[in-house]
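Model the full assembly from the supplied sequences, consistent with the hints where possible.
If you're matching them up, the sequences are chains E and R in order. Under the numbering used here, the first residue of the first sequence is numbered 1, with each subsequent residue one higher. Under the numbering used here, the first residue of the second sequence is numbered 261, with each subsequent residue one higher.
Just so you know, these hints were derived from the structure itself, not from any lab. Where a beta carbon is used, it is the ideal one built from N, C-alpha and C, also for glycine. Some clues are possibly wrong.
Unchecked claim - On the chain R side, residues computed to face chain E include the following (Cβ under 7 angstroms):
hint : residue
1    : Pro275
2    : Arg279
3    : Glu288
4    : Trp292
5    : Phe294
6    : Ile359
7    : Asp402
Claimed, not checked - Lysine-lysine pairs mimicking BS3-like chemistry, simulated, CA-CA at most 25 angstroms apart:
hint : chain 1 : residue 1 : chain 2 : residue 2
8    : E       : Lys119    : R       : Lys366
9    : E       : Lys222    : R       : Lys374
10   : E       : Lys105    : E       : Lys65
11   : E       : Lys222    : R       : Lys331
12   : E       : Lys148    : E       : Lys67
13   : E       : Lys67     : E       : Lys125
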Amino acid sequence: MTAETAEPASKIELPAGVGGGGEIPTFDVHLRVRRYNPEVSEEATWDDFHLTMYGTDRVLDALHKVKWETDGSLSFRRSCAHGVCGSDAMRINGRNRLACKTLLKDLDTSKPITVEPIKGLPVEKDLIVDMEPFFQSYREVMPFLINKGHEPTKERLQSAEDRERFDDTTKCILCAACTSSCPVFWTDGQYFGPAAIVNAHRFIFDSRDDAGDMRLEILNDKEGVWRCRTTFNCSEACPRGIQVTQAIQEVKQAILSRKI
Amino acid sequence: MSATIESPRSGRIAPQYRRTGGSRGNFEMIAWLFMRLSGVVLVVLIFGHLFVNLLVGEGIHAIDFGFVAGKWADPFWQFWDLTMLWLAMLHGTNGVRTIINDYAEKDSTRRWLKTVLYSATVVIIVLGTLVIFTFNPCPVVDGVPLPGGFCPA
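Next up, the structure:
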């Protein structure tokens with residue numbers, strides 16, 4: 001990480017410390033990563049890495065540094081690395097977060113930083129889990145527009161207020177941080193999970209959609225919304241700040257008011 | 261030691277995650293609603309019960325066999341206690357049922373715990389209901405009143 005190639009001299013003179021002129025502080029971190037390799041052992045173990053990182057680095061950068069410079073066998077998912085694709089949800093210091101949105105300087109660097117795969121889904125290798133059960137629940141709530149009316153020639157118009165109704169739940173990036181933070185999901189993995197409910201909410205409350213009743217009927221299942229215990233783990237875990245628990249409560253109310 | 265790893269994206273879902281037999285019907289919804297409604301009613305019933313038993317009049321010092329007998333001679337308190345018994349038992353049973361569902365990991369454990377739970381609930385509800393309605397403070401056995409000192413000789 002030493003910058004050998006000198007930057008071309010700036011045309012504007014900036015005093016050090018202004019506009020990125022200052023040096024980025026470095027610090028040492030102790031990274032403790034949960035490793036699992038079914039080809040070697042059925043047991044998962046902890047691996048420790050000591051790294052010198054910069055104040056601008058995220059947990060993902062630390063993982064990259066390990067993979068690129070120390071141990072190439074370390075496996076984790078990441079795509080965009082900027083908090084949009086939702087690939088790198090993991091359990092950092094016991095909390096579900098996106099590695100690409102968690103700055104090392106915001107964590108307690110005096111203690112080891114633990115990195116584990118998200119809980120409740122089968123681990124495939126190191127930090128990679130099998131997301132298939134998660135996506136199956138997502139598919140079951142039919143996360144697509146179903147409109148029984150005539151196909152419009154241009155677009156389906158919607159008022160700003162109608163759009164606002166489900167704005168929060170459109171933000172989901174399907175990272176599974178919420179579902180894998182839910183204690184009810186941990187037990188047996190039967191619960192639909194917050195993410196599926198959030199994505200159902202996005203269409204149930206969309207004025208252009210006609211299949212809200214079908215989705216409510218699906219979520220009225222014994223593994224549906226009624227298994228939510230409002231522990232708020234999901235709302236806390238969501239890297240997009242979606243009020244997940246509130247969305248689940250709104251779906252509960254919608255089912256209730258439809259039935260009664 | 262090598263393990264065979266299935267090829268990715270084969271669309272398979274680990275069997276323990278597969279939802280079997282969708283439950284049609286609204287049982288879980290009704291159970292959820294019952295918890296909230298019974299909870300509200302129980303707050304009134306239980307604090308009323310505590311207030312009347314522990315604070316009114318001589319308060320806690322007045323409680324004895326005769327006090328309970330006196331209360332159950334009144335249909336109002338019979339009804340109050342019966343409602344409290346049923347709601348509290350069903351509310352509690354449903355709560356524990358939920359906890360078992362959430363924490364028991366094996367289906368067999370779940371079944372056993374629920375069997376014990378439901379048996380206990382039935383016994384307590386039946387016994388309690390029987391006591392509230394058939395309670396007789398001055399039973400007479402073979403023409404001889406049982407000793408007690410609460411009853412007029």
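Tested hints:
no. : hint                  : in the structure
1   : Pro275                : 10 angstroms, violated
2   : Arg279                : 6 angstroms, holds
3   : Glu288                : 4 angstroms, holds
4   : Trp292                : 5 angstroms, holds
5   : Phe294                : 11 angstroms, violated
6   : Ile359                : 10 angstroms, violated
7   : Asp402                : 55 angstroms, violated
8   : E:Lys119 <-> R:Lys366 : 18 angstroms, holds
9   : E:Lys222 <-> R:Lys374 : 16 angstroms, holds
10  : E:Lys105 <-> E:Lys65  : 16 angstroms, holds
11  : E:Lys222 <-> R:Lys331 : 42 angstroms, violated
12  : E:Lys148 <-> E:Lys67  : 50 angstroms, violated
13  : E:Lys67 <-> E:Lys125  : 14 angstroms, holds
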